[in-house]
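Enquirer: With chain A held as given, fit chain B onto it using these hints.
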Amino acid sequence: NAGVTQTPKFQVLKTGQSMTLQCAQDMNHEYMSWYRQDPGMGLRLIHYSVGAGITDQGEVPNGYNVSRSTTEDFPLRLLSAAPSQTSVYFCASSLERGSYEQYFGPGTRLTVT
Amino acid sequence: GNSVTQMEGPVTLSEEAFLTINCTYTATGYPSLFWYVQYPGEGLQLLLKATKADDKGSNKGFEATYRKETTSFHLEKGSVQVSDSAVYFCALSDRVGNEKLTFGTGTRLTIIP
Chain A
1 NAGVTQTPKF QVLKTGQSMT LQCAQDMNHE YMSWYRQDPG MGLRLIHYSV
51 GAGITDQGEV PNGYNVSRST TEDFPLRLLS AAPSQTSVYF CASSLERGSY
101 EQYFGPGTRL TVT
Chain B
1 GNSVTQMEGP VTLSEEAFLT INCTYTATGY PSLFWYVQYP GEGLQLLLKA
51 TKADDKGSNK GFEATYRKET TSFHLEKGSV QVSDSAVYFC ALSDRVGNEK
101 LTFGTGTRLT IIP
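Protein chains in written order, with the working numbering: chain A, 1 to 113; chain B, 1 to 113.
Rather than coming from a laboratory, the hints here were simulated on the basis of the structure.
Note that the coordinates shown come from a computational prediction; the quantities given were computed from them, not determined experimentally.
Misleading hints may appear alongside valid ones.
[Unchecked claim] What follows is a set of in silico ranges between Cβ atoms, one per label pair, in the way DEER data are often shown:
# : chain 1 : residue 1 : chain 2 : residue 2 : range
1 : B       : Arg108    : A       : Ser69     : 36 to 44 Å
2 : A       : Asn1      : B       : Thr28     : 34 to 42 Å
3 : B       : Gly61     : A       : Gly40     : 22 to 30 Å
4 : B       : Thr28     : A       : Thr20     : 30 to 38 Å
5 : A       : Thr111    : B       : Ala53     : 38 to 46 Å
6 : A       : Asn28     : B       : Val82     : 32 to 40 Å
7 : B       : Asn2      : A       : Gly51     : 18 to 26 Å
[As the list claims (entries may be wrong)] Below 25 Å or equal to it, Euclidean Cα-Cα: the simulated SDA-like pairs (lysine to any residue) are:
#  : chain 1 : residue 1 : chain 2 : residue 2
8  : A       : Lys9      : B       : Ser85
9  : B       : Lys49     : A       : Leu45
10 : B       : Lys100    : A       : Tyr64
11 : A       : Lys14     : A       : Leu79
12 : B       : Lys100    : A       : Gly63
13 : B       : Lys60     : A       : Thr55
14 : B       : Lys68     : A       : Asn65
15 : B       : Lys49     : A       : Glu59
16 : B       : Lys100    : A       : Met27
17 : B       : Lys100    : A       : Asn65
18 : B       : Lys100    : A       : Pro106
19 : B       : Lys100    : A       : Val88
20 : A       : Lys9      : B       : Leu46
21 : B       : Lys100    : A       : Asp73
22 : B       : Lys100    : A       : Thr55
23 : B       : Lys100    : A       : Lys14
24 : B       : Lys100    : A       : Ser67
25 : B       : Lys100    : A       : Met41
[As the list claims (entries may be wrong)] Covered, in the sense of this in silico footprint (three residues per stretch, anywhere, with C-beta under 8 Å from a C-beta of chain A), are these stretches of chain B:
#  : stretch
26 : 70-78
27 : 101-113
All C-beta atoms in this analysis are idealised placements derived from N, C-alpha and C, irrespective of residue type, glycine included.
The following block holds chain A by itself, in its conformation from the complex:
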């Protein structure tokens, strides 16, 4: 199993550009989520999904969209990038019920200039 994979590893965008961060998992996990990690702030939840076709907002959803058309994939879209979205983004997955362990991908480091 590859676990949770994320692409790209690094990305530089100009203000106003859009892009999609990819996340995939091969563990048949129902629950997937996106976090951003900023210095001194820990990880903050952006969006999450409890299964294909179901998504919901987390703590800091503004400026981001998600969709979940399959169990495996959970892409994160930046609609119009802003310097405040410079961060490291982590995707995570877990079994929905009875499991407390989230499996994290290696992260995408995004810089918006």
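Expert: Below, chain B alone, put in the same frame as chain A:
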């Protein structure tokens, strides 16, 4: 709302020293508690967990005990190694089956030979 407070870092210790990283929490109900570790350039990995009061989680020589009376979940290790250098995150989820995690800000630990 839920919150997790960790001791400020960075923490620098000599090899074989005793480690304590403090973590306290605020939550409604009876949360599950976790310690995650992030090695340089990698995503987060679950280190240990405890799901009810007085439970002790342990892994790789690390331990933490769920103390409801003091709302704490301090991480300890009796003899640290250089390979333990990483960032450590305390986290909670606030009800059974809820995989949404609230993270502390992280504590960077550096072990010098």
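Enquirer: The structure should be examined with respect to each hint, and the outcome stated for every one.
Expert: Here is what the structure says about each hint:
1. B:Arg108 with A:Ser69: 36 to 44 Å: Since the Cβ atoms of Arg108 (chain B) and Ser69 (chain A) sit about 38 Å apart, the hinted range of 36 to 44 Å holds.
2. A:Asn1 with B:Thr28: 34 to 42 Å: holds (35 Å)
3. B:Gly61 with A:Gly40: 22 to 30 Å: Holds, at about 28 Å.
4. B:Thr28 with A:Thr20: 30 to 38 Å: For Thr20 (chain A) against Thr28 (chain B), whose Cβ atoms are near 35 Å apart, the range 30 to 38 Å holds.
5. A:Thr111 with B:Ala53: 38 to 46 Å: About 43 Å separates the Cβ atoms of Thr111 (chain A) and Ala53 (chain B), which means 38 to 46 Å holds.
6. A:Asn28 with B:Val82: 32 to 40 Å: 37 Å Cβ-Cβ, so the 32 to 40 Å window holds.
7. B:Asn2 with A:Gly51: 18 to 26 Å: holds (23 Å)
8. A:Lys9 with B:Ser85: Between Lys9 (chain A) and Ser85 (chain B) the Cα gap is close to 23 Å, so the pair holds against 25 Å.
9. B:Lys49 with A:Leu45: holds (20 Å)
10. B:Lys100 with A:Tyr64: Answer holds: Lys100 (chain B) to Tyr64 (chain A) is near 18 Å, not above 25 Å.
11. A:Lys14 with A:Leu79: holds (12 Å)
12. B:Lys100 with A:Gly63: Judged against 25 Å, a Cα distance of about 20 Å means the pair holds.
13. B:Lys60 with A:Thr55: Violated - the C-alpha atoms of Thr55 (chain A) and Lys60 (chain B) are around 35 Å apart, more than 25 Å.
14. B:Lys68 with A:Asn65: violated (38 Å)
15. B:Lys49 with A:Glu59: holds (23 Å)
16. B:Lys100 with A:Met27: holds (18 Å)
17. B:Lys100 with A:Asn65: It holds: about 18 Å lies between the C-alpha atoms, which stays within 25 Å.
18. B:Lys100 with A:Pro106: The hint holds at about 19 Å.
19. B:Lys100 with A:Val88: holds (19 Å)
20. A:Lys9 with B:Leu46: holds (21 Å)
21. B:Lys100 with A:Asp73: holds (18 Å)
22. B:Lys100 with A:Thr55: holds (13 Å)
23. B:Lys100 with A:Lys14: Violated, at about 31 Å.
24. B:Lys100 with A:Ser67: holds (18 Å)
25. B:Lys100 with A:Met41: Holds, because 17 Å separates the two Cα atoms, which is no more than 25 Å.
26. 70-78: This one is violated; 0 residues, fewer than the three required, reach chain A with a Cβ under 8 Å.
27. 101-113: holds (count 5)
Checked against the numbered hints given earlier, this structure breaks hints 13, 14, 23 and 26; the rest are met.
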